Every structure is written in structure tokens, then in C-alpha cells.
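Line by line, the protein sequences give chains A and B.
Read left to right, the first sequence gives residues 1 to 107 (this note's numbering).
Read left to right, the second sequence gives residues 1 to 120 (this note's numbering).
Hints are not guaranteed to be accurate.
[Said to hold, decoys possible] These stretches of chain A come out as covered by chain B in the derived footprint (C-beta under 8 Å, 3 or more residues):
{"no.": "1", "stretch": "9 to 16"}
{"no.": "2", "stretch": "26 to 33"}
{"no.": "3", "stretch": "59 to 70"}
{"no.": "4", "stretch": "86 to 98"}
[To be verified] Result set (SDA-like, lysine to any residue): computed pairs, CA atoms no more than 25 Å apart in a straight line:
{"no.": "5", "chain 1": "B", "residue 1": "Lys55", "chain 2": "A", "residue 2": "Lys83"}
{"no.": "6", "chain 1": "A", "residue 1": "Lys76", "chain 2": "B", "residue 2": "Ile34"}
{"no.": "7", "chain 1": "A", "residue 1": "Lys83", "chain 2": "B", "residue 2": "Arg2"}
{"no.": "8", "chain 1": "B", "residue 1": "Lys55", "chain 2": "A", "residue 2": "Gln6"}
{"no.": "9", "chain 1": "A", "residue 1": "Lys42", "chain 2": "B", "residue 2": "Val37"}
{"no.": "10", "chain 1": "A", "residue 1": "Lys42", "chain 2": "A", "residue 2": "Ile63"}
{"no.": "11", "chain 1": "B", "residue 1": "Lys47", "chain 2": "A", "residue 2": "Lys76"}
{"no.": "12", "chain 1": "A", "residue 1": "Lys83", "chain 2": "B", "residue 2": "Tyr35"}
{"no.": "13", "chain 1": "A", "residue 1": "Lys42", "chain 2": "B", "residue 2": "Ile116"}
{"no.": "14", "chain 1": "B", "residue 1": "Lys47", "chain 2": "A", "residue 2": "Gln6"}
{"no.": "15", "chain 1": "A", "residue 1": "Lys83", "chain 2": "B", "residue 2": "Ile43"}
{"no.": "16", "chain 1": "A", "residue 1": "Lys42", "chain 2": "B", "residue 2": "Ile43"}
{"no.": "17", "chain 1": "A", "residue 1": "Lys89", "chain 2": "B", "residue 2": "Arg2"}
{"no.": "18", "chain 1": "B", "residue 1": "Lys47", "chain 2": "A", "residue 2": "Arg106"}
{"no.": "19", "chain 1": "B", "residue 1": "Lys47", "chain 2": "A", "residue 2": "Ile67"}
{"no.": "20", "chain 1": "B", "residue 1": "Lys55", "chain 2": "A", "residue 2": "Val28"}
{"no.": "21", "chain 1": "B", "residue 1": "Lys47", "chain 2": "B", "residue 2": "Gly27"}
{"no.": "22", "chain 1": "B", "residue 1": "Lys96", "chain 2": "B", "residue 2": "Ile116"}
{"no.": "23", "chain 1": "B", "residue 1": "Lys56", "chain 2": "A", "residue 2": "Cys25"}
{"no.": "24", "chain 1": "B", "residue 1": "Lys96", "chain 2": "B", "residue 2": "Val37"}
{"no.": "25", "chain 1": "B", "residue 1": "Lys47", "chain 2": "A", "residue 2": "Lys83"}
{"no.": "26", "chain 1": "B", "residue 1": "Lys47", "chain 2": "A", "residue 2": "Ala93"}
{"no.": "27", "chain 1": "A", "residue 1": "Lys89", "chain 2": "B", "residue 2": "Gly29"}
{"no.": "28", "chain 1": "B", "residue 1": "Lys47", "chain 2": "A", "residue 2": "Gln37"}
{"no.": "29", "chain 1": "A", "residue 1": "Lys76", "chain 2": "A", "residue 2": "Gln6"}
{"no.": "30", "chain 1": "B", "residue 1": "Lys56", "chain 2": "A", "residue 2": "Tyr26"}
{"no.": "31", "chain 1": "A", "residue 1": "Lys89", "chain 2": "B", "residue 2": "Lys96"}
{"no.": "32", "chain 1": "B", "residue 1": "Lys56", "chain 2": "A", "residue 2": "Val28"}
{"no.": "33", "chain 1": "B", "residue 1": "Lys47", "chain 2": "A", "residue 2": "Ala38"}
{"no.": "34", "chain 1": "B", "residue 1": "Lys55", "chain 2": "A", "residue 2": "Pro23"}
{"no.": "35", "chain 1": "A", "residue 1": "Lys89", "chain 2": "B", "residue 2": "Gly63"}
Please keep in mind that the hints were generated in silico from the structure rather than gathered at the bench.
Predicted model, so just to flag it, every value in this text is computed and none were measured.
C-beta atoms are modelled at their ideal positions from N, C-alpha and C, and glycine is treated no differently.
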Amino acid sequence: MKNPVQHWLHQRISAFLMLFLIPFCYYVFFYPSVEQQALNLKSLGNIFLLFLFFVTAIYHMMIGLNIMIDDYVHRKLFNCFAKIFVYMKSAAALLYAAYLIFLLVRG
Amino acid sequence: MRPLSPHLQIYKPELTSILSILHRITGIGFMFGIYVVLWWLHIHVMKAEDFSFFKKIFSSFFGQFFLFGVVFSVSYHFCNGIRYLFWALGFGFNLKPVYCSGYMVILFSIILSVYIWINV
Numbered sequence: 001m002k003n004p005v006q007h008w009l010h011q012r013i014s015a016f017l018m019l020f021l022i023p024f025c026y027y028v029f030f031y032p033s034v035e036q037q038a039l040n041l042k043s044l045g046n047i048f049l050l051f052l053f054f055v056t057a058i059y060h061m062m063i064g065l066n067i068m069i070d071d072y073v074h075r076k077l078f079n080c081f082a083k084i085f086v087y088m089k090s091a092a093a094l095l096y097a098a099y100l101i102f103l104l105v106r107g
Numbered sequence: 001m002r003p004l005s006p007h008l009q010i011y012k013p014e015l016t017s018i019l020s021i022l023h024r025i026t027g028i029g030f031m032f033g034i035y036v037v038l039w040w041l042h043i044h045v046m047k048a049e050d051f052s053f054f055k056k057i058f059s060s061f062f063g064q065f066f067l068f069g070v071v072f073s074v075s076y077h078f079c080n081g082i083r084y085l086f087w088a089l090g091f092g093f094n095l096k097p098v099y100c101s102g103y104m105v106i107l108f109s110i111i112l113s114v115y116i117w118i119n120v
């Protein structure tokens with residue numbers, strides 16, 4: 001993301017969304033017992049919000065890491081490789097999360 | 001490589017700079033948290049291994065240390081993130097509120113970490 005204002009805005013919007021998604025995920029998926037967690041995972045609304053959490057968190061992580069790479073990695077080649085690694089890692093995590101959510105919805 | 005002028009060796013660490021770099025470090029910790037959640041979802045969906053393996057990994061000393069690190073990272077990054085969101089709206093930029101909110105972030109992130117640790 002070449003535009004720093006755009007980056008700033010995306011970072012804040014994703015952070016604002018996670019302000020609600022993180023407590024939701026904690027109370028619905030981690031606070032209850034294992035059996036209750038499995039039950040909560042059957043609700044479509046919960047599954048949708050869990051997917052939204054993954055999308056938001058991975059995007060927030062990806063753009064945050066890109067800024068850190070720009071700040072600390074100054075050699076162009078290493079900078080490029082590091083960013084490619086971050087993009088691939090984020091894409092893999094998101095695709096796998098989407099696949100698991102798809103399996104969950106399919107039942 | 002060109003020489004850099006001294007910085008870390010010269011400047012006294014302040015609360016503001018420490019909390020700022022801790023926000024970046026805990027952001028990395030948060031990244032591991034996302035992968036832990038992904039693994040948890042994998043176990044629930046795939047049922048390839050039951051929770052005993054997950055529990056075995058995280059009941060060892062290193063597992064507990066790692067997990068507490070992730071929990072503290074998420075708590076701190078969350079609390080300090082709220083502080084940054086207030087700054088994004090233009091509130092709390094004077095010196096006194098910056099220091100006051102900084103100490104509150106440390107306190108709340110410790111309380112939140114302990115609360116999550118006890119209850120999970």
C-alpha cells in the first residue's frame with residue numbers, strides 16, 4: 001500500500017472491527033467448555049462472525065507487518081522477499097480459514 | 001553499509017517509546033495467536049486429532065510460557081489499540097493524558113491477561 005493515509009485508515013477500520021470481534025470470539029469460542037464450543041460452532045451467525053474475525057485479523061496483521069518491513073528492512077531485495085513472504089503467509093492462512101469455515105457450514 | 005548516528009545508546013527510554021515498541025512486538029505475538037485460533041478451528045472441523053494432543057502441547061512448561069505470551073500479547077495489543085483509536089479521533093494527545101493512559105494500558109492488559117488465563 002503506497003498511500004500512507006490509506007494504510008492508516010485501513011489499519012484503524014480493521015482495529016475498530018476487531019474491538020468487537022475479539023471479545024465475541026473469546027466469549028463464544030474460548031470461554032465455554034469444549035462441548036459448548038462445538039455447539040456454538042453450529043450457528044451460522046457465529047460462523048460468519050468467526051470468518052469476519054479471520055479476514056479482519058489477517059488483513060490487519062498483513063498491513064502491519066508490511067509497515068514494519070518498510071521501517072526495518074532497507075535493502076530492496078530483502079524488503080521485496082520479506083513482503084512476498086508476508087503476502088503468501090497471509091493468503092495461505094486466509095484460504096485455509098475459508099476452507100475450514102466452508103467445511104463447517106457444509107456440515 | 002553506511003554508519004548510523006547513535007540513538008538507542010543515547011536516549012533514555014520513556015514510557016511512550018517503550019509502549020510504542022511493545023505494541024509492535026505484541027503485534028507479532030498476536031500473529032501467533034491467529035495461528036493458534038486457526039489450529040483450534042482445524043481440530044474442531046477436521047476431528048483428525050482430539051483435544052488431548054492440543055492440551056499436551058500447551059500443558060508443558062514451554063507450551064504454557066508460549067500461550068501466556070500470546071494471551072498477554074493479545075491483551076496488551078488490544079488495550080493499547082483502544083488508546084491509539086482515541087488518538088485517531090484526536091483525544092488524549094497532551095502529555096498528562098498520554099502518560100495516564102499509558103499506565104492504564106499496562107494495568108488493564110495485566111488484569112485482562114490474568115482474567116483470560118484463569119478462565120480458559
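Going down the list of hints, with the structure as the test:
A count of 3 residues in the stretch 9 to 16 of chain A with a Cβ less than 8 Å from any Cβ of chain B is obtained; the coverage claim is therefore met, three being the minimum. With 4 residues bearing a CB less than 8 Å from a CB of chain B, the stretch 26 to 33 of chain A meets the requirement of three and the coverage assertion stands. Counting residues of the stretch 59 to 70 of chain A whose beta carbon lies closer than 8 Å to any beta carbon of chain B gives 4, which meets the minimum of three for the stated coverage. Counting residues of the stretch 86 to 98 of chain A whose CB lies closer than 8 Å to any CB of chain B gives 3, so the stated coverage by that chain holds, three being the minimum.
The suggested pairing of Lys55(B) with Lys83(A) is violated, with an alpha-carbon distance near 34 Å, which exceeds 25 Å. Pair hint Lys76(A) plus Ile34(B) does not hold up; C-alpha atoms about 29 Å apart against a cutoff of 25 Å. As the CA atoms of Lys83(A) and Arg2(B) are separated by approximately 24 Å, the hinted pair is consistent with the 25 Å bound. The suggested pairing of Lys55(B) with Gln6(A) is violated, with an alpha-carbon distance near 41 Å, which exceeds 25 Å.
Only pairs whose Cα atoms come within 25 Å are accepted, and Lys42(A) paired with Val37(B) is accepted, the gap being roughly 17 Å. Among the hinted pairs, Lys42(A) with Ile63(A) is inconsistent with the structure: their alpha-carbon atoms are about 31 Å apart, more than 25 Å. Pair hint Lys47(B) plus Lys76(A) does not hold up; C-alpha atoms about 44 Å apart against a cutoff of 25 Å. A hinted pair counts as satisfied when its Cα atoms are at most 25 Å apart, and Lys83(A) with Tyr35(B) qualifies at roughly 19 Å.
Taking the CA atoms of Lys42(A) and Ile116(B), the gap is about 24 Å. The hint holds against a cut of 25 Å. Taken as a hint, the Lys47(B) and Gln6(A) pair is broken in the structure, with Cα atoms around 41 Å apart against an allowance of 25 Å. Simply put, Lys83(A) and Ile43(B) have alpha-carbon atoms about 30 Å apart, too far for the 25 Å limit, and the pair is violated. Proposed proximity of Lys42(A) and Ile43(B) is supported: the alpha carbons are some 15 Å apart, at most 25 Å.
At most 25 Å may separate the alpha-carbon atoms for a hinted pair to count; Lys89(A) and Arg2(B) exceed this at roughly 32 Å. For the hint linking Lys47(B) to Arg106(A), the alpha-carbon distance of about 15 Å falls within 25 Å, and the restraint holds. In summary, the hint linking Lys47(B) to Ile67(A) is not supported, as the alpha carbons are separated by about 37 Å, beyond the 25 Å threshold. For the hint linking Lys55(B) to Val28(A), the alpha-carbon distance of about 19 Å falls within 25 Å, and the restraint holds.
The straight-line distance between the Cα atoms of Lys47(B) and Gly27(B) is roughly 30 Å, outside the 25 Å bound, and the hint therefore fails. A C-alpha spacing of about 30 Å is found between Lys96(B) and Ile116(B), which places the hinted pair above 25 Å, so the restraint is violated. A C-alpha spacing of about 23 Å is found between Lys56(B) and Cys25(A), which places the hinted pair at or below 25 Å, so the restraint holds. Only pairs whose Cα atoms come within 25 Å are accepted, and Lys96(B) paired with Val37(B) is rejected, the gap being roughly 38 Å.
Only pairs whose Cα atoms come within 25 Å are accepted, and Lys47(B) paired with Lys83(A) is rejected, the gap being roughly 34 Å. Restraint check for Lys47(B) and Ala93(A): the C-alpha separation of about 19 Å stays at or below 25 Å, so the hint holds. Between Lys89(A) and Gly29(B) the CA atoms are separated by roughly 15 Å; this keeps the pair inside 25 Å, and the hint holds. Between the alpha carbons of Lys47(B) and Gln37(A) the distance comes to roughly 14 Å, so the proposed pair stays at or under 25 Å and holds.
Among the hinted pairs, Lys76(A) with Gln6(A) is consistent with the structure: their alpha-carbon atoms are about 22 Å apart, no more than 25 Å. Of the pairs offered as hints, the one joining Lys56(B) and Tyr26(A) holds, with about 21 Å between alpha carbons and a cut-off of 25 Å not exceeded. The hinted pair formed by Lys89(A) and Lys96(B) fails the criterion: a straight-line CA distance of about 41 Å is larger than 25 Å. For the given pair, Lys56(B) sits about 23 Å from Val28(A) by alpha-carbon distance, which is consistent with the 25 Å threshold.
Proposed proximity of Lys47(B) and Ala38(A) is supported: the alpha carbons are some 11 Å apart, at most 25 Å. This hinted pair checks out: Lys55(B) and Pro23(A) have alpha carbons roughly 23 Å apart, not beyond 25 Å. Of the pairs offered as hints, the one joining Lys89(A) and Gly63(B) holds, with about 23 Å between alpha carbons and a cut-off of 25 Å not exceeded.
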